[in-house]
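Q: If you're matching them up, the sequences are chains W and R in order.
Per the numbering used here, residue 1 is the first one in the first sequence, and the count goes up by one each step.
Per the numbering used here, residue 1 is the first one in the second sequence, and the count goes up by one each step.
By construction, these hints were calculated from the structure, which means they are not laboratory data.
Each hint should be verified, as a subset may be incorrect.
Which chain R residues face chain W? A few, computed with CB under 10 angstroms, are given here [said to hold, decoys possible]:
#1 H143
#2 I148
#3 D205
#4 G268
#5 E272
#6 S274
#7 Y333
#8 L397
#9 T536
Derived list of chain R stretches under chain W, where covered just means 3 residues or more per stretch with a C-beta under 8 angstroms from a C-beta of chain W [said to hold, decoys possible]:
#10 119 to 130
#11 317 to 325
#12 543 to 557
Note that the Cβ used here is the ideal one computed from N, Cα and C, for glycine as well.
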Amino acid sequence: MPTAPGGVRGADGRASAGPPVRDDAVPLGVLVGAGVVRGWRAVRWFVTSMMGDTAYATFVEHQRREHPGDPVPDERTFWRERFAEQDRTPGSRCC
Amino acid sequence: MGKDARRQGNRSVQPNGRAGERRPAGGGEAEPVLVQDPDLPPTALDEADDRTVWTPPKVIVWVAIALLGGVAWTMLALVRGETVNAIWFVFAAVCTYLIAYRFYSKFIERTILRPDDRRATPAEYDQNGKDFVPTDRRVLYGHHFAAIAGAGPLVGPVLAAQMGYLPGTLWIIIGVILAGAVQDYLVLFFSMRRGGRSLGQMARDELGVVGGTAAIIATLAIMVIIVAILALVVVNALGESPWGVFSVSMTIPIALFMGVYLRYLRPGRITEVSIIGFVLLVFAIVAGGWVAETEWGAAVFTLDRTVIAVGIIVYGFVAAILPVWLLLAPRDYLSTFMKIGTIVMLAGAIILVRPEITVPAFSEFAGGDSGPVVSGSLFPFLFVTIACGALSGFHALIASGTTPKLIEKEKQTRFIGYGGMLMESFVAIMALVAAISIDRGIYFAMNSSGAATGGTVEGAVAFVNSLGLVGVNLTPEVLMQTAANVGEESIVSRTGGAPTLALGLAHIMQQLIGGTALMSFWYHFAIMFEALFILTAVDAGTRVARFMLQDTFGNINKKFRDPDWRPGAWICTAVMVAAWGAILIMGVTDPLGGINTLFPLFGIANQLLAAIALAVCMAIVAKRGYARWLWIVAVPLGFAAVVTITASMFKIFSPVPAVGYWAQNAAFRNALETGEESFGTATSREAMEAVVRNTTVQGILSIVFVTLAIIVIGFAVWHTIRSIRTGGGVSSEDPALPSRRFAPSGLIATKAEKDLEKRWADVDADKRPARTGH
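Isolated chain R, as found in the complex (with noise of 0.2 angstroms):
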């Protein structure tokens, strides 16, 4: 069958009117004609039989769920009144995602990418038992959340809460149905028509070399930049905390004892070995608060910033080199469980304690730049502020990774891809409703850098009373009793979002259990699981670019090609440790605060990188000559490329220092060159001279971002227009093979889809099909 040279030939080069396949007139897509086993039962439904018969109690459903969608939007956003309730967050987005995923992702699917059931998957031609394995679909989409949901979209709504509930909701839910879900469902579509094939492959084939070239490029460097500032997020929420510091630090050993464990005691047993390091994590967490009250817990584990920092570059260094099975493995089952555990664990506690939240739906600082949090204004601030969670060009990575080599039928893409990031989506819903029912002034005290508040009590109270908040008095009296009751020190300035979320999901969780008394546990236990992932993140996203950079190098010395070759590993390892390591110290000391310089970079980053999936996207669907549908891609791209260009405008050219990297630097260069010895926050020539180096680095580096990202985006209109022009183009996809199985594409199968499943379990023991789960 030649499956090998298959799988690993060039498969940008596909024969051109293979037999058994038709070209329409004007190009565009081939229609295979695929010739099914006539001993099996059908591999797809009839088209009869996939029509949905519009039955009474339907339309009362859909009727039901669109009211109680509207109802909650019109509480959300027309009611004003004093506070508004938790659950109608819940409602909203609950009701609007259903909407979307039955009518929205449907036409989607109907129209540009019109997945054919009938042909076999990449799991199902190149099954081989390992990472090629057609996979049962619920199990799917729990893999791939998994893999998608990390701490990025626990903390970009809890930062863009300064502008109040009403733009970060509407941003992460409306995004997300015409946005993110589209770009996560089209990847895994496409990647999968592929054999499994990376963005960047992808990339290569529909854009050419110098476009594939700058997609590979501005991938790294986007990589570089994300490992860095979740880094920071840690940093900042373990900085002067005793307790957790002692808690995370001993995820290591638990990590490496689950290693041990699943490797010389009970190989395979993943679900028990995660269920014993769960119950060490917990007593870690219980331990550190006995640790933290100890003289010499406190002395030995409250760590400055800085020290954190390089303990985290040290760590991402061996962490990175070591061998999966040790240390990235068994923490990443940890963060598996806890992950989906916490969700749920969250989402049943808002349902249950159904907090009233007094933020308002616009904040004092919707309006203008001038907000504490993150500075900008609401466009395109907000939209770069919530990358995750509403468009994440991340998930691209992981849509063209391992899931398509899993998926058992085409159907089922729009399940696992869009109804995937739907849930991440509400996670991000779920983060921010956290972060709003915490008081406000607590939040702006948390949130605001220490270059503001003076990481003081009275700093913080003196500042944030002068922000001149509606209904917001804050007292030192508040600040310290709530630092207490989560057994901190203090919790002035401890930006980066986790500890601001920690402190919501604890709020809630003891109202539900423990009372007051459990309040530091829930908090530390929130801290830890957002340190787990972005931890697990870390470690793998700089194996992940050394693996590129390898590939890079491999051009100049073939060596550096061989994975075996440890040497080039290291060498690799080394230079990505050093290029995010660098970014990390260069936040943790900025005297500008840090993270409300560099989140922004953060979600240009992350939304360029869906921009240029998207410009992927586009140009493939124009291939397939459906340029009558291009919208529901062009829309997209046009705004992802619209929010990130001007963001990268505004921080490369706006005259406002707090808000352009240059602007500020400059400011700062002046104020050197007259002989001054403080400005500004700064408040030494040393630190003066540190926001001029940091400010060129983050002024270079935008102008990178947006170079590469033009660079893409323009070749992807001009191979599109080129496709549009010409009707179509030849395809790239893997020929089509017919299929050998059948599986339902939903969550829950429709009548006729148990039909045909009861059909498929006649056929005799010899024929049926392979798959995982059994």
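In isolation and in its complexed conformation, chain W is listed as follows (with noise of 0.2 angstroms):
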């Protein structure tokens, strides 16, 4: 499943990307590295949420949450009523 951004803790508290911890002891190479993945995990958050990739994993949790004891679609029946119900009702784009 895909992380918060580096270093921000999500609104449920997980850090699950958290600030790698300075340590003097810790050589150059590494705390490069770990910006790297840092970077690469916020980039990768932020353009899975944006696309829509999440949206199964979003809808998977608020149903477990809200609904417990309903059954949950699998993907592809889920992605498939999703847009069944965008051609029911569309949305606009813009100029």
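Using the hints, put the two standalone chains together into the complex.
A: Laid out in structure tokens, this is it:
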């Protein structure tokens, strides 16, 4: 599952891509490496959230929390229903 | 809780004086009392924490921004050198945006909107995990920007560059901070307070049945004209261009492949399929160059503009009745991907290359109404030529559509609504810079209509040199060399803005990567990405218009309301496609040139929609009882109303044939009656009849638009005055519910916000709120 951007804790508190602990004993290469990993995770998180890759995971989390007993559709069915809904209620794109 | 009843019920009837709500003396906005869950940390910052403490470093930073902006404006507006560097456009724009965002939008927040983070947003109280989801503000910003920005801000500034760079720059920057961004912010906020209701529904709630109906009809008519003119831009960019036609038509199989991939192979892997699609797209652009060089390729893909127009009409119909997953959704992903990528690339290139601009601040055409690109005087036509980027009514449809349903906290509306529009304005500035970085002679040769240039290199050279432009001496060699560089047969009379922008972008990018050898690639890359936006807008616009029409027909026959009744959808799609298709064909075959006569109608339509949106906002602000701050809305509304109504009056009543549709109509009718065989740029009686027909349609459209807008504005003013007299009115907002979550409001969290976020992080897992992005 995609994670929150580097260093910023998500509202659910998981600091999954938390900032690397600064320690003078750590060699520079490791620090740079950790920075690159954090940056990559942040970009990945932003792009996948914006493009909508995470929509199914969001929906599953919502269902588990709000309607724990209800069956959760599989990803394929979820996307079919989502597109069918878009067919019924078209949204605008701008000029 | 009755959540569904609240979402679907008639929200215009809200109980007045509910329990837990105090009404202030003199009416106006009720101050809700929200009881917070004592087990949770605060859902909003204390007022004391939210106030800015003006520490010396902060003061220094803002003074520095102001000084840099001041220097940049001085360089642009006052210093009259031979050239001006493009970097000053970037500094002037960015510094002004920062100051406006920090101070003016904050002022609007404090005076008329007063968001309350203790209140739950629709994304929270109506959360369904699908279209109502609290979304991270940074993600939503990208989302909202991708939905509002399209080809509009890329085209208008290019056409307006005929008046010189300063009028356009001033209007784009000042217009956005006082009008465009204000409209987007207000509409987003008011729609959010109403569960994400659409502009049309809000108009009906605030202005009554007549005003609301006029607003909906105007929206539908405006949608038709906007789709038609965007399609005309694509047709003009692809006409006689085998390379462009090949690579743009390849987007259809690429999108179909992506659709199938997402449905049957790997559902939900949107980023993955977008990257694959992007690689295929770049390959299609390169392959376009090879195909256009072969004999069969040139023969098959060199198409007449009328043929391309018919192709787009057929495509528009088929695309709008195909299921979303097959064509629209994948192309939309591709277009979002390209949009963000290309804009970041162009911004980076302008900053790195810093081209010198030789265009004068005010050109020879700034003072008159005889400009060959778009006719009409600076006032009001500059303000309608540049709509998107400064003030775009279309955004009101997005800001009252998907975005308000995804807002996590009320205070984030400022960053997303106001800030999102600032970014679009920046795109418009970059388009302007790209357009003015090319040689002025080439600019006029490309943007003067075929009727003026005859479509030939010699004709264009003769015409441009006869314009009497200072410092311009166009030669046939320059035109032919430029055409060869970008891989086109000719660049004469490639009107519509897109080819000029593409040439500007290619001109800047080749200085950064690849030199002239890659110029043709960059040119077709730009054409492709504009065509991609526009085709998505054509498809989506047709669907929305069809949906509105189905709703209207539903009043006569209930069956039309059923979205699953295919014949109904097909009939309505056909009606809408026929409507914009007719205008498109009219523009393509217009003996007077097409885009130069039709583009003002596009701007007028878009600005009238803005006037309607602002009018609805003004009525709401008055109802909330903030008469003292009404000018925040009234000033941009007044300006938009004056501009569009004046422009419409010019179009209807001007005695100058190049400006007034009816004057042109009368001139040609007269010539026909006296039995002339040719008149002006029309060389036959059929062409003259076409002009009479076209100007009649354009004239009628002008009258319809302006009448509808005056009705809506009139109702809004009447309701506003009534509210001011009574000190406010009954709010049509959804009831206030307490929030159970917290998130920072701006791009970067403040110290106080970070501290509060930390407290939320320690809350038990089962009490933590759910959100997207996990």
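Q: Would you mind marking each hint as holding or not holding in the structure?
A: Each hint tested on the structure:
1. Given the 10 angstroms rule on beta carbons, the hint for H143/R holds: about 6 angstroms separates it from the nearest Cβ of chain W.
2. For I148/R, the suggested interface contact is upheld, since its CB lies about 5 angstroms from the closest CB of chain W, less than 10 angstroms.
3. Violation of the interface hint for D205/R is found here, the shortest Cβ-Cβ separation to chain W being roughly 20 angstroms, above the 10 angstroms cut-off.
4. Interface restraint check: G268/R against chain W, minimum CB-CB distance 5 angstroms, threshold 10 angstroms, status holds.
5. Checking E272/R against chain W: minimum C-beta separation of about 8 angstroms stays under 10 angstroms; hint holds.
6. Hint on S274/R holds. Least Cβ distance to chain W is approximately 6 angstroms, under the 10 angstroms limit.
7. Here the hint on Y333/R is kept, as its CB sits about 6 angstroms from the closest CB of chain W, short of 10 angstroms.
8. Annotation: interface hint on L397/R holds; nearest CB of chain W at approximately 5 angstroms, less than 10 angstroms.
9. Here the hint on T536/R is kept, as its CB sits about 6 angstroms from the closest CB of chain W, short of 10 angstroms.
10. Counting residues of the segment 119 to 130 of chain R whose CB lies closer than 8 angstroms to any CB of chain W gives 4, which reaches the minimum of 3, so the coverage claim holds.
11. Note: the segment 317 to 325 of chain R has 3 residues with beta-carbon separation from chain W under 8 angstroms; the three-residue rule is met and the coverage holds.
12. Requiring three or more residues with a Cβ within less than 8 angstroms of a Cβ of chain W, the coverage given for the segment 543 to 557 of chain R holds, as 4 such residues are present.
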